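Number of protein chains: 2
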Amino acid sequence: MEFSSKLLEKAVNEMSQLPGIGKRTALRLVLHLLRQPKSQTLELADALQNMRNDIKFCKSCNNISDSEFCEICANPNRNSELICVVEDIRDVMAIENTSSFKGLYHVLGGKISPMDGIGPNDLNIQPLVEKVKQGRVKELIFALGSTMEGDTTNFYIYKQIQDFDITTSTIARGISVGNELEYTDEVTLGRSIINRIPFEVSLKS
Amino acid sequence: MEFSSKLLEKAVNEMSQLPGIGKRTALRLVLHLLRQPKSQTLELADALQNMRNDIKFCKSCNNISDSEFCEICANPNRNSELICVVEDIRDVMAIENTSSFKGLYHVLGGKISPMDGIGPNDLNIQPLVEKVKQGRVKELIFALGSTMEGDTTNFYIYKQIQDFDITTSTIARGISVGNELEYTDEVTLGRSIINRIPFEVSLKS
Numbered sequence: 001m002e003f004s005s006k007l008l009e010k011a012v013n014e015m016s017q018l019p020g021i022g023k024r025t026a027l028r029l030v031l032h033l034l035r036q037p038k039s040q041t042l043e044l045a046d047a048l049q050n051m052r053n054d055i056k057f058c059k060s061c062n063n064i065s066d067s068e069f070c071e072i073c074a075n076p077n078r079n080s081e082l083i084c085v086v087e088d089i090r091d092v093m094a095i096e097n098t099s100s101f102k103g104l105y106h107v108l109g110g111k112i113s114p115m116d117g118i119g120p121n122d123l124n125i126q127p128l129v130e131k132v133k134q135g136r137v138k139e140l141i142f143a144l145g146s147t148m149e150g151d152t153t154n155f156y157i158y159k160q161i162q163d164f165d166i167t168t169s170t171i172a173r174g175i176s177v178g179n180e181l182e183y184t185d186e187v188t189l190g191r192s193i194i195n196r197i198p199f200e201v202s203l204k205s
Numbered sequence: 001m002e003f004s005s006k007l008l009e010k011a012v013n014e015m016s017q018l019p020g021i022g023k024r025t026a027l028r029l030v031l032h033l034l035r036q037p038k039s040q041t042l043e044l045a046d047a048l049q050n051m052r053n054d055i056k057f058c059k060s061c062n063n064i065s066d067s068e069f070c071e072i073c074a075n076p077n078r079n080s081e082l083i084c085v086v087e088d089i090r091d092v093m094a095i096e097n098t099s100s101f102k103g104l105y106h107v108l109g110g111k112i113s114p115m116d117g118i119g120p121n122d123l124n125i126q127p128l129v130e131k132v133k134q135g136r137v138k139e140l141i142f143a144l145g146s147t148m149e150g151d152t153t154n155f156y157i158y159k160q161i162q163d164f165d166i167t168t169s170t171i172a173r174g175i176s177v178g179n180e181l182e183y184t185d186e187v188t189l190g191r192s193i194i195n196r197i198p199f200e201v202s203l204k205s
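Protein chains in written order, with full-length UniProt numbering: chain E, 1 to 205; chain X, 1 to 205.
If we strip away everything but chain E, and leave its shape as in the complex, we get (with noise of 0.2 Å):
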């Protein structure tokens, strides 16, 4: 692409190094910014750099906060004894719109992936390790997308931490909720039988 401006040129050259983004929609977005008012390209700009230069990540769990603490770990109402593994933010976002956790969240900002060049070292692992062996916790509920990736995680974690006197948990894995059977893929649906659930505990929830 020639470009007549080389402010333009940079501008679409940076914008096209996001993920997902390449150079001709970065162009559309770039002129998009030229006709709207000026403020609007202004503000996006120092929105960028305050969140870059500020934001903090919580102390305890490692999640995106403001504060040395994040709201949650901070909360006292929450149960500490309780911590939800997670890989980023957008896993505690999801959790915490279901309104159905109270306990806490550990992120780990990603999982073991060998073919990415990630490994445990890469990862909020040995926090959570150091948490666990200061008698702090009961249960560790694992919340990994349920991949490869997050079967490897998942495993390593509890292999750091089973002599410890602690309880572990994964999220469910079945059908669903509003899934009809016949869409269901077979793995997920043969689990769903080896794992299935007194009818009374169901009814509860």
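Hints were generated in silico from the structure; no laboratory data involved. Some hints here could point you the wrong way.
A pair holds if it fits inside one copy or across any two, identical chains being indistinguishable in the list.
What the hints assert, rightly or not - Below 27 Å or equal to it, Euclidean Cα-Cα: the simulated DSS-like pairs (lysine-lysine) are:
| id | residue 1 | residue 2 |
| --- | --- | --- |
| 1 | Lys159 | Lys6 |
| 2 | Lys23 | Lys10 |
| 3 | Lys10 | Lys38 |
| 4 | Lys204 | Lys138 |
| 5 | Lys159 | Lys133 |
| 6 | Lys38 | Lys23 |
| 7 | Lys6 | Lys59 |
| 8 | Lys38 | Lys6 |
| 9 | Lys59 | Lys102 |
| 10 | Lys102 | Lys6 |
| 11 | Lys59 | Lys38 |
| 12 | Lys133 | Lys59 |
| 13 | Lys159 | Lys138 |
| 14 | Lys56 | Lys204 |
| 15 | Lys131 | Lys102 |
| 16 | Lys56 | Lys38 |
| 17 | Lys23 | Lys56 |
| 18 | Lys10 | Lys59 |
| 19 | Lys204 | Lys102 |
| 20 | Lys133 | Lys102 |
| 21 | Lys133 | Lys6 |
| 22 | Lys59 | Lys138 |
| 23 | Lys23 | Lys102 |
Note that the coordinates shown come from a computational prediction; the quantities given were computed from them, not determined experimentally.
Use these hints to put chain X onto chain E, whose structure you have.
Structure of chain X alone, referenced to chain E:
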């Protein structure tokens, strides 16, 4: 969406004002930036700010430029008596890529579209009419998209300049090079028969 950080929320909100980017995509982009080196975010923000603050529009053709007159208008080797009327800078880039045009451009900045509240006065039409009035132009090529808005805009400009001694043309519409007849829509195919060109002429292009 409930965010654990106001800074994150602000960045996501600003990002999601871009066309085609919803809240979820904006969150994905912003989280990507947080995982990358700080310099990437700051350079993106800088590039956007600099572009919005310092970019100029060519005083002659209204194309985006770093200086008062764009490189095309400032080039003495180009034919200033032949002007191609386009909607925006992307069309200039597309036509420049073909290397088939050696005249100048005139960027309207949009098309007349009453549905979107865009009238002739919102576009850069008057300066074009002035150029024609001053007798500096021999031929105008209308190269707007082949839509109702494009045709309306062409016709509006044509009405303004029809009394002057000037040739007007539109770019050819017909089947794309490499396309099969059976997949071409009937309007295009019908027009391509009506507007057929002498075979000897087609051999030269």
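Hint check:
1. For the homomeric pair Lys159 and Lys6, neither the shortest alpha-carbon distance inside one copy (54 Å) nor that between copies (37 Å) is at most 27 Å.
2. Taking identical chains as interchangeable, the C-alpha atoms of Lys23 and Lys10 lie at most 27 Å apart whether they share a chain (11 Å) or sit on different chains (25 Å).
3. For the identical chains of this complex, Lys10 and Lys38 are neighbours both inside a copy (18 Å) and across copies (17 Å), given an alpha-carbon limit of 27 Å.
4. When the C-alpha separation of Lys204 and Lys138 is checked against a cutoff of 27 Å, the pair qualifies only within one copy, where the shortest distance is 23 Å, while the shortest distance between copies is 82 Å.
5. In this assembly of identical chains, the alpha carbons of Lys159 and Lys133 lie at most 27 Å apart only when taken from the same copy (13 Å versus 83 Å across copies).
6. For a Cα distance limit of 27 Å, the shortest separation of Lys38 from Lys23 qualifies both inside one copy, at 22 Å, and across copies, at 22 Å.
7. In this homomeric assembly, Lys6 and Lys59 come within 27 Å of each other (Cα to Cα) only across copies, at 18 Å, whereas the closest approach inside a single copy is 42 Å.
8. Within a single copy, Lys38 and Lys6 get their C-alpha atoms as close as 19 Å, and across copies as close as 23 Å, so both meet the 27 Å cut-off.
9. Taking identical chains as interchangeable, the C-alpha atoms of Lys59 and Lys102 lie at most 27 Å apart only when both belong to the same chain, with a minimum of 19 Å there against 62 Å between chains.
10. Proximity of Lys102 and Lys6 under a CA criterion of 27 Å is satisfied inter-copy only: 22 Å between copies versus 52 Å inside one chain copy.
11. In this assembly of identical chains, the alpha carbons of Lys59 and Lys38 lie at most 27 Å apart only when taken from different copies (20 Å versus 38 Å within one copy).
12. Proximity of Lys133 to Lys59 under the C-alpha cut-off of 27 Å is restricted to the intra-copy arrangement: shortest distance 17 Å within a copy versus 70 Å between copies.
13. In the homo-oligomer, the alpha carbons of Lys159 and Lys138 lie at most 27 Å apart inside one protomer (16 Å), although the nearest pairing across protomers, at 81 Å, exceeds that limit.
14. In this assembly of identical chains, Lys56 and Lys204 lie within 27 Å of each other by CA distance neither inside one copy nor across copies; the values are 39 Å within and 65 Å between.
15. For the homomeric pair Lys131 and Lys102, the shortest alpha-carbon distance inside one copy (18 Å) is at most 27 Å, but the shortest distance between copies (71 Å) is not.
16. For the homomeric pair Lys56 and Lys38, the shortest alpha-carbon distance between copies (13 Å) is at most 27 Å, but the shortest distance inside one copy (29 Å) is not.
17. Taking identical chains as interchangeable, the C-alpha atoms of Lys23 and Lys56 lie at most 27 Å apart only when they sit on different chains, with a minimum of 21 Å there against 31 Å within one chain.
18. Taking the closest pair of Cα atoms, Lys10 and Lys59 come within 27 Å of each other only across two copies (22 Å); inside a single copy the shortest separation is 36 Å, beyond that limit.
19. With identical chains, the CA atoms of Lys204 and Lys102 are at most 27 Å apart within one copy only, with a shortest distance of 17 Å there and 76 Å across copies.
20. Proximity of Lys133 and Lys102 under a CA criterion of 27 Å is satisfied intra-copy only: 22 Å inside one chain copy versus 75 Å between copies.
21. In this assembly of identical chains, the alpha carbons of Lys133 and Lys6 never lie at most 27 Å apart, being 56 Å within a copy and 33 Å across copies at closest.
22. Taking identical chains as interchangeable, the C-alpha atoms of Lys59 and Lys138 lie at most 27 Å apart only when both belong to the same chain, with a minimum of 20 Å there against 71 Å between chains.
23. In this homomeric assembly, Lys23 and Lys102 come within 27 Å of each other (Cα to Cα) only across copies, at 26 Å, whereas the closest approach inside a single copy is 44 Å.
Checked against the numbered hints above, the structure violates hints 1, 14 and 21; every other hint is satisfied.
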